[in-house]
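Visitor: The chain contents come next:
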Amino acid sequence: MSEVVELSRPVPAVEVVDLRKEFVRRDKKAGRFARKRRAAISGVSFTMQRGECVAILGQNGSGKSTLVRLLSTLLLHDGGSAHVFGHDVFAEPRPVRKLVNRVSVEASFFKKMSAGENLHYAARYYGMGPRETRVKIPAILEKVGFPAERRTEPMENLSRGMQQKVALARALLTSPVLLLLDEPTTGLDPRSKLEVQEFIREVRTSHDSTILLCTHDLTEAEALADRVGVLDRGGLLFLEPVPAILERFGVETLEQAFFAATGRAFEAEVDDDDDREVFA
Amino acid sequence: MRALAGTVRTELIGLGGVVERNIYLTRRYIWWDVAFMVWTIANTLTIVFIAKGIEATGGQIDVNRATTTLLIGAVVWAYLGIVFEFMTETVAWERWEGTIEYTFMAPLSRAMHLAGAGFFAVLYGLLRAVILFIVVAFFFDLEMPNADFLAAFVVLVIASLSFIGIGVMTAVLPLISPEKGAQLGFVAQGMLLVVSGVYYPVEVLPTWMEWISVISPATYALDGIRDAILLGQGLETMWDEIWPLLVIGVVAAPVGLAIFRRGEQYAKKHGKLKRSG
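The listed protein sequences derive, respectively, from chains X and R. Residues in the first sequence are numbered from -10 upward in steps of one, following the working numbering. Residues in the second sequence are numbered from 14 upward in steps of one, following the working numbering.
Keep in mind that the hints were calculated from the coordinates and are not lab data. Fair warning: there could be bad hints in the mix.
[Claimed, not checked] Only pairs whose alpha carbons sit at most 25 Å apart, straight line, appear in this in silico BS3-like list of lysine-lysine: (1) R/K285 - X/K100; (2) R/K282 - X/K132; (3) X/K101 - X/K125; (4) X/K18 - R/K285; (5) X/K25 - R/K282; (6) R/K193 - R/K282; (7) X/K100 - X/K132; (8) R/K285 - R/K193; (9) X/K101 - R/K193; (10) X/K101 - X/K132; (11) X/K25 - R/K65; (12) R/K65 - X/K17; (13) X/K125 - X/K100; (14) X/K100 - R/K193; (15) X/K25 - X/K101; (16) X/K100 - X/K182; (17) R/K282 - X/K17.
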């Protein structure tokens, strides 16, 4: 009941202020036992309104996944703050967890278990009893286009596209008001990619979800998001609607805007990638 | 009050989810478990045959009693192995499959998550312990005319609270060292049993080890089970074993949870939850 009250307040869906996260890593150049602190996220600030879809673009190692992990309560921050529907992500992780779910680049499942089994036990962690899941799981699998006859097949027998559909079903099963999508279409074949993107569009219209989409697919970001931001070496360079970005840099495409903002081509790897790959 | 009842219900459903997941996994890997059971039986036989071996080489011992004593030690060893393995796998297996982040970002409390893992470990461990005991006992045609098996079973169940508490402490190790942490569970198992008189009375240990045996729950579990099976003692005469088990259990469970939470904080601070990190 208290959650409903909280949700009815006019608070932003996500409010991130000067968020910082550093990791301590070995410094090979300075010696065998030397350590250095590297900023994965440095001074990131942004706000998302309820029902909004925001895309964060960035190369490998730019800090996208670190940002998603911070908002998912899977990492502790080193400074700044993050609130989800008014709840402090780091001080009140439990209410945040009830509101958030996530789809990551790897559709992580128990591979020997079937799609149905993976969804059933995962739903229990969100307090969904057997009576509820018996109805909801077949319905949600059907909705994501997962064939009913394959529900009892081990996940390891399914294609990556199929596994990603089950991952979407797992995230939506708990009716999250904030959906964190961390490169959900990376590695998918073009058809599966389009299906997943179509489903994300449908989630926006049929569910009351706010979506943070982290991707390195410029077209996907432009097609799905209300606003697009660029995360580069842990810093958020801008977060605006696409027309405003193009106008700001006087360019015609997001790729050109990225080049104008960073001085690098979007597809180019960052030169300190070896150090930064752990933040991906 | 209604909110509290709702929270309790949600938590219990979550606990059930952990048990449900482990049932699915056990079903999927059932033939591997059967193979592991065969290995456990073989391993137990190598220990229990020692009693007959001593007699065959001229030693003067009560073979039936010595065999039963060794069998109880081996069964408790195997039981503890299963409990610790399941508890350690709570993190290690999930980390390997990549599901750990989804489990740790779910609103289920860590206490219920670990309680679910412990509950299944105890159920499964007890089932295996009973099968192991029966199979090996028939193998040696052991006579246990006075045995109070129910009392022995209850002692093992009571001891399980402590074992889960210690198991939770070992479960945190894969969070700190993803590569080698899980194997340290076996170290904890060995350390616990060596001071607890697993195949011998604790009186034969050096004094300093004997002191440590006082705080080991396995000491009281082994004593109680041997008293029940060899001497036929009932629970009413075993208070000396039961109260230390209850005290150690009441202390070990929250201490284990606190240690696990510290480990979880460490993993979240250093980014150790993700599979490749």
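Visitor: A separate judgement is required for each hint: does it hold in the structure or not?
Guide: Checked hints:
About 22 Å separates the Cα atoms of R/K285 and X/K100, which keeps this hinted pair within 25 Å; it holds. This hinted pair does not check out: R/K282 and X/K132 have alpha carbons roughly 37 Å apart, beyond 25 Å. Taking the CA atoms of X/K101 and X/K125, the gap is near 22 Å; set against the 25 Å cutoff, the hint holds. Of the supplied pair hints, the one linking X/K18 and R/K285 holds, its CA atoms being roughly 23 Å apart against a limit of 25 Å.
Using a Cα cut-off of 25 Å, the hinted pair X/K25 and R/K282 holds, with the two alpha carbons roughly 15 Å apart. The straight-line distance between the Cα atoms of R/K193 and R/K282 is roughly 20 Å, inside the 25 Å bound, and the hint therefore holds. For the given pair, X/K100 sits about 22 Å from X/K132 by alpha-carbon distance, which is consistent with the 25 Å threshold. Taking the CA atoms of R/K285 and R/K193, the gap is near 13 Å; set against the 25 Å cutoff, the hint holds.
In summary, the hint linking X/K101 to R/K193 is supported, as the alpha carbons are separated by about 24 Å, within the 25 Å threshold. Our distance criterion of 25 Å between C-alpha atoms is met by X/K101 and X/K132, whose separation comes to about 23 Å. Taken as a hint, the X/K25 and R/K65 pair is broken in the structure, with Cα atoms around 61 Å apart against an allowance of 25 Å. Between R/K65 and X/K17, the direct Cα distance comes to roughly 59 Å. Violation of the 25 Å bound is thereby established for this hinted pair.
Using a Cα cut-off of 25 Å, the hinted pair X/K125 and X/K100 holds, with the two alpha carbons roughly 22 Å apart. As the CA atoms of X/K100 and R/K193 are separated by approximately 22 Å, the hinted pair is consistent with the 25 Å bound. Between X/K25 and X/K101 the alpha-carbon distance is near 40 Å, which puts this suggested pair outside the 25 Å criterion. Restraint check for X/K100 and X/K182: satisfied, since their Cα atoms lie roughly 22 Å apart, inside the 25 Å limit.
Simply put, R/K282 and X/K17 have alpha-carbon atoms about 22 Å apart, close enough for the 25 Å limit, and the pair holds.
Going through the hint list in order, the structure does not satisfy hints 2, 11, 12, 15.
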